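Participant: Single-letter residue listing:
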Amino acid sequence: MVHVVAGATNPNCREMLAKMFRQRCDVFIKEKGWKLKSYNGLEFDDYDTAETIYLMQFDARDNIIASMRMNPTDGPYMLADIFSSVCEAPIPRGRDVWELTRGALSRNLRKSGTWGRMQCAMLESALLWGATKATGFFTVDHIMKQMRVGLDVKPLGSPLLVDGEANVAAEFPFNTQTLERLRSSYGISGPAIEHIHLMPVPQKKVAA
Amino acid sequence: MRRNRFNKVSAFAEICLKATRSHDIKSSLTVTLRDAGVTSWYVGPLVHESDLPVGLGQFGLAPGWQEQYAEARHCEVDPVFLHAKRREGPSTWGACRERAIREGASRRALQVFDEAEEFDLLDGFIMPTLGTHPLVDGVTFGGLDPDLSTDGLLDMQMIGTYAYEGFRRLAEGFNRVSPYLTPRELEVLRWSAEGKTAWEIGEILHIGVRTVRTHQTSIKEKYGVSTIVQAAVRAALDGTVAAPF
Amino acid sequence: MIHLIAGATNPNCRELLAGMFRLRHDVFIKEKHWNIKSYNGLEFDQFDTEETLYLVELDEAGAVVATVRMNPTDRPTLFSEVFADMCHGGPPKCPKTWELTRGAIAQNVRKSLHFGRIECATIEAALLWGVTKACGIFGVDLLMKKMRCGLDAKPIGQPRMIDGESHVAAEFAMNGDVLQRTRTLYRITGPSIEQIHLMPGARRAA
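Heads up: the protein sequence lines correspond to chains A, B and C, in order.
So for the first sequence, the working numbering puts the first residue at 1294; every next one is plus one.
So for the second sequence, the working numbering puts the first residue at 225; every next one is plus one.
So for the third sequence, the working numbering puts the first residue at -7; every next one is plus one.
Worth flagging that the hints you see were computed from the coordinates, not collected in a lab.
Please read these numbers as outputs of a predicted model, since none were measured by experiment.
You can trust all of the hints, since none of them are fake.
Straight line, CA to CA, 16 Å or less: simulated EDC-like cross-link-like pairs of lysine to aspartate or glutamate:
{"no.": "1", "chain 1": "A", "residue 1": "Lys1438", "chain 2": "A", "residue 2": "Glu1464"}
{"no.": "2", "chain 1": "C", "residue 1": "Lys29", "chain 2": "C", "residue 2": "Asp18"}
{"no.": "3", "chain 1": "C", "residue 1": "Lys85", "chain 2": "C", "residue 2": "Asp66"}
{"no.": "4", "chain 1": "B", "residue 1": "Lys232", "chain 2": "B", "residue 2": "Asp375"}
{"no.": "5", "chain 1": "A", "residue 1": "Lys1330", "chain 2": "A", "residue 2": "Asp1319"}
{"no.": "6", "chain 1": "B", "residue 1": "Lys232", "chain 2": "A", "residue 2": "Glu1381"}
{"no.": "7", "chain 1": "C", "residue 1": "Lys88", "chain 2": "A", "residue 2": "Glu1473"}
{"no.": "8", "chain 1": "A", "residue 1": "Lys1426", "chain 2": "A", "residue 2": "Glu1464"}
{"no.": "9", "chain 1": "B", "residue 1": "Lys242", "chain 2": "A", "residue 2": "Asp1445"}
{"no.": "10", "chain 1": "B", "residue 1": "Lys242", "chain 2": "B", "residue 2": "Glu396"}
{"no.": "11", "chain 1": "C", "residue 1": "Lys24", "chain 2": "C", "residue 2": "Glu157"}
{"no.": "12", "chain 1": "A", "residue 1": "Lys1426", "chain 2": "A", "residue 2": "Asp1445"}
{"no.": "13", "chain 1": "A", "residue 1": "Lys1447", "chain 2": "B", "residue 2": "Glu238"}
{"no.": "14", "chain 1": "B", "residue 1": "Lys446", "chain 2": "B", "residue 2": "Glu409"}
{"no.": "15", "chain 1": "A", "residue 1": "Lys1426", "chain 2": "C", "residue 2": "Asp169"}
Pulled out of the complex, with its shape left as it was, chain A reads as follows (with noise of 0.2 Å):
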């Protein structure tokens, strides 16, 4: 079951946002030992805005399997702030340009269709919200893995090590004929997304 949230905020998700902070500190701090700051359990920081879009996939228990940060990049990015020294091409940048950060899946799943279906949502999303482009900083590893599945990855930058591990800045498209490669690369026919919680808007006032 996979949801996309708008908002770090979004007042209508408050359990599920919660659920998927706990799992990033297990995944990305008590597991990969990544040295971020943790609250109570929780891992978040300034990049979890009203802005953001997040994809997160729950099991048949609604215990959350897999998540995904999505940020538009008109505002700040890490990118942008943080590994702005790995970017030797433009710095891409723009509402429909979306930096990809904090992809997490729970231990016993990484050999599951897991993956692929965060994958397609992620695709989907892009095509919903109308991005046109996906950027951030990967393994070389898992840009092997993206390139595999059909998604045609471009450096942006020499890589790095990293915690022993080469990571380079790169982007790739988003498009419909992505989606497609995407879905029979993984076997997946139709729509992986399931529900979309938007940010609710405040009433509007009628104009006079």
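Given chain A's structure and the hints, the job is docking chains B and C onto it.
Facilitator: For chains B and C alone, coordinates are given in the frame of chain A:
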């Protein structure tokens, strides 16, 4: 300097993403690697030459080395291949050799390094890649004095990743606008492109001449052309079969 | 809240589907007096199948207020079976072209923004299913409305009077650009579809 380093890798990546013929990737790979002191490369499944599936396994090896390597069936014992088969991430030939010695590898296994030296291949790079099940695939580069600095290795990992995925996409007909041909149709088309008659192809492939004609009809239909020569030209242009030019 | 439902027989959406068939009965039979059959206050026909997709919009009280039916044109459609003579060169036949039919908005909300939202949701659904074109028989005034929204609607036959209104077969492209244009026109930001219900079992990997 740094800028130049990135330009090289990103230009190569671009070629791999857009290539419609494996030749495009091959020549660009050779040139890109030459700057890093690499004179021999292999990209593909880590198996003996004769076990390679159609379209996979690309070579740019020093003259003579490919034949000698295949002849001796080195792939069965080569500590460099063994490293990739363990799926332990990128490494150097030197590190593989040290580990082989430490673990008491056979004389025959270490012999591979000695023979490589005769072809001016003193050290190199190896990385495992996502396989084409059930094969284990990898990328290896070698030379007299390849750039195995930290940055050099990082770039080789990028180049290896793109080369491998580029070749694989072509082998799977990814960028190809052409239709999918069955392995048998591919064989028939290859021999047709060589100018063999249906009867001759039947003799070569040990199938009846009518079966050959059936395959040829199906190929022509898939390409939407009326003669097998037209189909062969299309196939050469889109990289389905090796171009004779 | 717009739901996207796959399958007229989707067992997870019986309530929603029944509400939708009832709205169609109210709009097409009670209000517009179309000469079509209904069953116990529900309107449905042979083009409501397992392959059919529906958009169903609910108001805050949970009542169905708008709907559209979408059928891939490589199967029998209203076009191919009933109105084939309305398009030159035969009805479209392509899995990537949808026929849009039974677009209905409840009488009480007809002046609101619902038209725009259901319009956007149709294009969103097309993007999700990889569909690039829509066709259907539209009232000529609706067609003008579509053109005004930035849809490049192209007539594919002669107009004809149906139930006192001029109708014409037309097709238009559905893609990301068209979606953006439609959203801008209706001042809609972000997706309109909120829930997607596939036929159970369909989501499993092939």
